[in-house]
Amino acid sequence: MFPELTKIANIKSRKIASMQSEMMRFPHYNIMAKEIEKEIKSGTDGIIITHGTDTMHYSSAALRFILEDLSVPVILVGSQRSSDRGSSDAGLNLISACYFIANSDFADVAICMHENLSDESCLILPALKTRKMHTSRRDAFRPINTTPVARVNFNDKNISFMKKGYSKKDNKKLKLKLFNEKIKVGLIKTHTNMFAEEFLAYKNFDGLVVEGTGLGHLPNEETDEYTKENKKIFDSLKEMIKNGLITVMSSQTIYGRIQMNVYTPMRELQEIGVLGHLSDMTPETTFIKLAWLLSNYKKKEVKGLITKNLKGEISERIEDKTFLI
Amino acid sequence: MEIDYGQINFKCGIEIHQQLDTHKLFCSCPSFIRDDKPDIVIKRILRASAGESGEVDAAALHEVKKEKQFVYQAYSDTTCLVELDEEPPHDVNKEALKITLQVALMLNARIVDKICFMRKTVVDGSNTAGFQRTALVAADGFIETSKGKVRIDTICLEEEAAKIVKRSEKEDIYNLSRLGIPLVEIATAPDIKDPEHCMETAKKIGMILRSTNRVKRGLGTIRQDVNLSVKNKARVEIKGFQDLRNMPRIIENEARRHLKLIEKGEELKKEVRKANKDLSTSFMRPMPGSARMYPETDIRMIRPDASKIKIPELITDKSERLEKDFSLNKDLADLITKSNKTEFFIKLAEKYKNIKPLFIADSLVNSGKEIKRRYGKEIDISEHIEEVLDYLNKGNISKKAVFEILVEKAQGKKVDYQKYSLMSDEEIKKILREIIEKNKGAPFNALMGQAMARLRGKADGKKIVEMLKKEIS
Numbered sequence: 507m508f509p510e511l512t513k514i515a516n517i518k519s520r521k522i523a524s525m526q527s528e529m530m531r532f533p534h535y536n537i538m539a540k541e542i543e544k545e546i547k548s549g550t551d552g553i554i555i556t557h558g559t560d561t562m563h564y565s566s567a568a569l570r571f572i573l574e575d576l577s578v579p580v581i582l583v584g585s586q587r588s589s590d591r592g593s594s595d596a597g598l599n600l601i602s603a604c605y606f607i608a609n610s611d612f613a614d615v616a617i618c619m620h621e622n623l624s625d626e627s628c629l630i631l632p633a634l635k636t637r638k639m640h641t642s643r644r645d646a647f648r649p650i651n652t653t654p655v656a657r658v659n660f661n662d663k664n665i666s667f668m669k670k671g672y673s674k675k676d677n678k679k680l681k682l683k684l685f686n687e688k689i690k691v692g693l694i695k696t697h698t699n700m701f702a703e704e705f706l707a708y709k710n711f712d713g714l715v716v717e718g719t720g721l722g723h724l725p726n727e728e729t730d731e732y733t734k735e736n737k738k739i740f741d742s743l744k745e746m747i748k749n750g751l752i753t754v755m756s757s758q759t760i761y762g763r764i765q766m767n768v769y770t771p772m773r774e775l776q777e778i779g780v781l782g783h784l785s786d787m788t789p790e791t792t793f794i795k796l797a798w799l800l801s802n803y804k805k806k807e808v809k810g811l812i813t814k815n816l817k818g819e820i821s822e823r824i825e826d827k828t829f830l831i
Numbered sequence: 431m432e433i434d435y436g437q438i439n440f441k442c443g444i445e446i447h448q449q450l451d452t453h454k455l456f457c458s459c460p461s462f463i464r465d466d467k468p469d470i471v472i473k474r475i476l477r478a479s480a481g482e483s484g485e486v487d488a489a490a491l492h493e494v495k496k497e498k499q500f501v502y503q504a505y506s507d508t509t510c511l512v513e514l515d516e517e518p519p520h521d522v523n524k525e526a527l528k529i530t531l532q533v534a535l536m537l538n539a540r541i542v543d544k545i546c547f548m549r550k551t552v553v554d555g556s557n558t559a560g561f562q563r564t565a566l567v568a569a570d571g572f573i574e575t576s577k578g579k580v581r582i583d584t585i586c587l588e589e590e591a592a593k594i595v596k597r598s599e600k601e602d603i604y605n606l607s608r609l610g611i612p613l614v615e616i617a618t619a620p621d622i623k624d625p626e627h628c629m630e631t632a633k634k635i636g637m638i639l640r641s642t643n644r645v646k647r648g649l650g651t652i653r654q655d656v657n658l659s660v661k662n663k664a665r666v667e668i669k670g671f672q673d674l675r676n677m678p679r680i681i682e683n684e685a686r687r688h689l690k691l692i693e694k695g696e697e698l699k700k701e702v703r704k705a706n707k708d709l710s711t712s713f714m715r716p717m718p719g720s721a722r723m724y725p726e727t728d729i730r731m732i733r734p735d736a737s738k739i740k741i742p743e744l745i746t747d748k749s750e751r752l753e754k755d756f757s758l759n760k761d762l763a764d765l766i767t768k769s770n771k772t773e774f775f776i777k778l779a780e781k782y783k784n785i786k787p788l789f790i791a792d793s794l795v796n797s798g799k800e801i802k803r804r805y806g807k808e809i810d811i812s813e814h815i816e817e818v819l820d821y822l823n824k825g826n827i828s829k830k831a832v833f834e835i836l837v838e839k840a841q842g843k844k845v846d847y848q849k850y851s852l853m854s855d856e857e858i859k860k861i862l863r864e865i866i867e868k869n870k871g872a873p874f875n876a877l878m879g880q881a882m883a884r885l886r887g888k889a890d891g892k893k894i895v896e897m898l899k900k901e902i903s
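Chains as they are written, first to last, in our numbering: chain A, 507 to 831; chain B, 431 to 903.
Only chain A is shown next, with the shape it has when bound in the complex (with noise of 0.2 Å):
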């Protein structure tokens, strides 16, 4: 369908499976990681997932997390208008990943779609920063309190780097931390008059991402006759966490960091054993780094883990020009 990629590099493509993105599930993850280190190990130069757009960023993360030591890239795309008429954004995205992984050092998992929403340029964007932040435009897919990685121009091929520091191209070894496929991981999303049974849903869970209200707070304390129910909220979760639930905060905000000593019903939170402080992660992101950190290491490592920069998924530093970009 786009006879311009031959032009561009010499492509083999199969199909490892076929479905809407929500119907994924972490086998999937493993799936993908294990052909592309069979394709690697036949000596590829780069590898292009198309991969439905709906949970893409999910995938990026996930991969980023499975393969270690990756030392060609493996660029996810999607499209947000279907193949089928003419005006998809499919073949650009195709063509400028292609172009992208021929033209350029880099060697790592990212997502290339477009930067807006003209024909003119695709944006490689970093695997575990990044989210599907729009039903339908083309350029949906937008950086989280980062930058992009790159930007493809598809006028004059022109390769223009936004992020200095990147892996690239050499001779690692790649190995696999796949996922495991048992392990039982909620995303919650907190709302106001919230009840503890939402929260006990996930009591025989392994981990639990909070989608908290801005720095991380969720609705945990009684201050008046009506707000009973939090009080039951709050002791449900400590019950939890006391057996066992790895529990973990992120923001609906999308943007900015957690920070849980600024007031005191977060401070309790902390005490109880919520984690996430100072994590700048999307909800996403921590959802599937809790779930990898819980297949590959003890519980009391995940602790540890959750919250340390293991492969660029919390920035020390978020830069003013970040926001909303």
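One or more hints might be untrue.
To be verified - Calculated pairs, SDA-like style, for lysine to any residue (alpha carbon to alpha carbon, straight line, at most 20 Å):
no.: 1; chain 1: B; residue 1: Lys-473; chain 2: A; residue 2: Ser-624
no.: 2; chain 1: B; residue 1: Lys-600; chain 2: A; residue 2: Asp-662
no.: 3; chain 1: B; residue 1: Lys-593; chain 2: A; residue 2: Ser-624
no.: 4; chain 1: B; residue 1: Lys-498; chain 2: A; residue 2: Ser-627
no.: 5; chain 1: B; residue 1: Lys-498; chain 2: A; residue 2: Ala-707
no.: 6; chain 1: B; residue 1: Lys-473; chain 2: A; residue 2: Arg-657
no.: 7; chain 1: B; residue 1: Lys-473; chain 2: A; residue 2: Asn-622
no.: 8; chain 1: B; residue 1: Lys-748; chain 2: B; residue 2: Asn-770
no.: 9; chain 1: B; residue 1: Lys-473; chain 2: A; residue 2: Ser-627
no.: 10; chain 1: B; residue 1: Lys-843; chain 2: B; residue 2: Glu-817
no.: 11; chain 1: B; residue 1: Lys-473; chain 2: A; residue 2: Lys-513
no.: 12; chain 1: B; residue 1: Lys-600; chain 2: A; residue 2: Phe-660
no.: 13; chain 1: A; residue 1: Lys-513; chain 2: B; residue 2: Ile-475
no.: 14; chain 1: B; residue 1: Lys-550; chain 2: A; residue 2: Ser-588
no.: 15; chain 1: A; residue 1: Lys-663; chain 2: B; residue 2: Lys-498
Keep in mind the hints are simulated off the structure, nothing from the lab. Quick caveat: nothing in here was measured; it's all calculated off a predicted structure.
Dock chain B against the given chain A, drawing on the hints supplied.
For chain B alone, kept in the frame of chain A given last:
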């Protein structure tokens, strides 16, 4: 030499596209066509895609071979992500669907059980999506004409395309303000007998469309495509008729072109041609193939309910009714129905029993034009006339004052009705006596001249004559 259209096996049908006067078909944007400076400009590339049937369309390929970029102009306040192909379509505009069902009933057509929107591949850039959404709403209708029935094969509801701003070798610029306006597409069977008959058919369908009162008016809001063939050779589609009055000549010229080529033994191509100013036609693009349509899966199927649809009165019937009920002449009646003021006129005529309907009708449709011509001012007569007629109906002002007051309103002045108020008989009598007293022995005409000078606009002329005669005798 005159052509015998029966003899040459002239086959002709017409396709009419009419914009509806509602918001857009698949979003809530206003159907506001504009050409001022856009605040959004984006660039796109369209590719020939295989569609769901897997075949790549001939017309689509023709366009893609040109390898063009498309520039789209849009406006934050009147276009949205739907026109930009950045958001799936909303549900179909119910109002537009209702009007289409009305048109279907007026064309005696059979409404389909299920309305399924389709994607019609268009890669000339005129649709940001690369396709136009279209749905068959009704089929198998007919209209009566002077040369017999013309069958209506299909009635579709579809999206208007974007408007071309500039074409160049490397890129085409389109304005998105027009994209997505609801269009009714009416296609006749090849029942048209000759070029004149084609114009008559186009006019009749146009009249029926306007009778809904919900179609857009003005240049480019209705378009006619004519399909024709002679001697069973290739069919040609002609687009771009600017003036219906030229339609018969353009069709005749095209038929002659066909006959000439056939005579020379040259091949006639199936193609789309453009009507030229000199009444000839020229090549536009190849005829689209059949791989053009596949289902639009973003829109659910609709089961239309025509049971509650009211059929509007035809404009021609309305005119006749005005002529009969209000003793208007045909020209005036036509002017009222054409300018969509029928209901308003009837309301005024029934409300103001002391005023002749003819005067109301004339004021309603002509005074605005007259003020524009004489004073160069625009005025919406419908907005002001009721207030003025109110005074006239009560006998407070003269008929003549109506126009003068409207002029003042058009000039933006505050009208002092006192100035136009008619005098009582007593006051008139007093003034007439004064004039007679001062000009003793003067002839009647001289007295009348003076009386008119003082009483103009304050009393009816006829009345002054009568009263003056009485006073002298």
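Just to be careful, I want the Cα atoms of Lys-748/B and Asn-770/B compared with a cutoff of 20 Å; is the pair within it? holds (10 Å)
Starting from Lys-473/B, check that the Cα of Ser-627/A is at most 20 Å away, please. Distance ~10 Å between Lys-473/B and Ser-627/A Cα, so the pair holds.
Between Lys-473/B and Ser-624/A, is the straight-line Cα distance small enough, at 20 Å or below? holds (5 Å)
Take a quick look at whether Lys-600/B and Phe-660/A sit within 20 Å of each other, Cα to Cα. holds (16 Å)
Starting from Lys-473/B, check that the Cα of Asn-622/A is at most 20 Å away, please. holds (10 Å)
Starting from Lys-473/B, check that the Cα of Lys-513/A is at most 20 Å away, please. With a Cα-Cα distance of about 24 Å, the restraint between Lys-473/B and Lys-513/A is violated, given a limit of 20 Å.
Please verify whether Lys-550/B and Ser-588/A have alpha carbons no more than 20 Å apart. holds (15 Å)
Measure nothing beyond the straight line between the CA atoms of Lys-593/B and Ser-624/A; if it is 20 Å or shorter, mark the hint as holding. The hint holds at about 19 Å.
Holds or violated: Lys-513/A with Ile-475/B, Cα cutoff 20 Å? Answer holds: Lys-513/A to Ile-475/B is near 19 Å, not above 20 Å.
Holds or violated: Lys-498/B with Ala-707/A, Cα cutoff 20 Å? Distance of about 56 Å is beyond 20 Å: violated.
Are the Cα positions of Lys-498/B and Ser-627/A separated by 20 Å at most? holds (17 Å)
Run the distance test for Lys-473/B versus Arg-657/A: straight-line Cα separation, threshold 20 Å. Since the Cα atoms of Lys-473/B and Arg-657/A sit roughly 17 Å apart, the hinted pair holds (cutoff 20 Å).
Going down the numbered hints, you'll see the structure goes against 5 and 11, while the others check out.
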